[in-house]
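Participant: Chains as they are written, first to last, in numbering that gives the first Met the number 0: chain A, 0 to 199; chain B, 0 to 199.
These aren't lab readings, by the way, just hints derived from the structure by calculation.
Zero decoy hints are in this set.
All copies of an identical chain are treated as equivalent in the list; a pair is satisfied when it fits inside any one copy or across any two copies.
Below 25 Å or equal to it, Euclidean Cα-Cα: the simulated DSS-like pairs (lysine-lysine) are:
no.	residue 1	residue 2
1	181	1
2	112	181
3	181	97
4	1	97
5	31	151
6	31	112
7	181	153
8	31	46
9	97	112
10	46	151
11	151	181
12	23	181
13	1	31
14	153	112
15	1	23
16	23	97
These numbers were taken from a predicted model, which means no experiment stands behind them.
Protein chains: 2
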Amino acid sequence: MKIITISREFGSGGRTVGRLVAEKLGIPFYDKELVEQVALETGFAPKFVEEHGEHSPGKSLFSYAFAPQGVPGVMNGMSTADFLWHIQCGVILQLAEKGPCVIVGRNADYILKDRQDVFHVFIHADNDFRAERIVRLYGETEKSPQARLLEKDKRRRINYQHYTGQTWGMSQNYDICLNTAKIGVERAAELLVEIIQGVE
Amino acid sequence: MKIITISREFGSGGRTVGRLVAEKLGIPFYDKELVEQVALETGFAPKFVEEHGEHSPGKSLFSYAFAPQGVPGVMNGMSTADFLWHIQCGVILQLAEKGPCVIVGRNADYILKDRQDVFHVFIHADNDFRAERIVRLYGETEKSPQARLLEKDKRRRINYQHYTGQTWGMSQNYDICLNTAKIGVERAAELLVEIIQGVE
Chain A
0 MKIITISREF GSGGRTVGRL VAEKLGIPFY DKELVEQVAL ETGFAPKFVE EHGEHSPGKS
60 LFSYAFAPQG VPGVMNGMST ADFLWHIQCG VILQLAEKGP CVIVGRNADY ILKDRQDVFH
120 VFIHADNDFR AERIVRLYGE TEKSPQARLL EKDKRRRINY QHYTGQTWGM SQNYDICLNT
180 AKIGVERAAE LLVEIIQGVE
Chain B
0 MKIITISREF GSGGRTVGRL VAEKLGIPFY DKELVEQVAL ETGFAPKFVE EHGEHSPGKS
60 LFSYAFAPQG VPGVMNGMST ADFLWHIQCG VILQLAEKGP CVIVGRNADY ILKDRQDVFH
120 VFIHADNDFR AERIVRLYGE TEKSPQARLL EKDKRRRINY QHYTGQTWGM SQNYDICLNT
180 AKIGVERAAE LLVEIIQGVE
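The following block holds chain A by itself, in its conformation from the complex (with noise of 0.2 Å):
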């Protein structure tokens, strides 16, 4: 195997896990590194891409909105959502061909399934785990960390759905899907590893 997609639900520690594997094989890890590419090639601002590239299931408020400066006609009537998924879908068969890596999120999953050397990973844990790993990391907001929960998932989920036509979170679309509350994120990196490397 070697690309490895990991999906995940929010404050589950999926990154974290795609980071530590990517660290641990010694292969890029793309997440970040993927919205830049994507802000890059569409015009659009980093920001923008990494609120918009998971969570716009097709047209939104936004959509039309924002057509990126300096690229006039590039959207061919497309919405922002679509027009970002289109981006995304090239950037990410581009570095699956540049060689073995780690990308997170972005319903890679589904954008590489036709490729026979990728392992497909599903992280999710309960909520209370994860509220409390959200509020550690990234601090309290006004909302509930329930409600910030609901609220990501339920995009991720209707931009995975919108765009893939498949269920987010249903364990037949991966390899392998780890509850990390119970198996812990650490250890569900290092077991992922040796899972990984046992797997032609």
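Guided by the hints, dock chain B onto chain A, whose structure is given.
Facilitator: Just chain B, lined up with the frame of chain A:
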């Protein structure tokens, strides 16, 4: 973790994974044994329990038609499927009280979801892998292997949805989900033993 529940797609090797895990951990393995105990308690034939214990979604052609002999009035107006479900819940709760064990199928993940000492596993695999496997293990029938997979999975899915209100195979219902087509049946059992031994 004292108790392990294994849910599985038909033909994925989940039953074999469960048997191997139980052997390696030196704990009882409940599959046919569970069926036999339900049969004993209900007065139904074991074969009937096996076929309907995971398959009948509430009311069906069989509902109310097979009141067990010798236990008049025991069904209390419940359908046959609801009666089997009720007895099956009781048997699984009792088995869990007896000590560490592996329980395959029968929606045991849901029935034992409130216990903290249970580790929940879902085993799935690509259709081609499963089709080849069921023909090798159970032989050819007049139905195609693909049709047999679809039918059996559908019955398990409907039964699970009906009695648990949850979606069968949704990763969040389990602590780990594994694709045996990618990881291998024997390797999956080894990994599970390693993981379960490391979880408190």
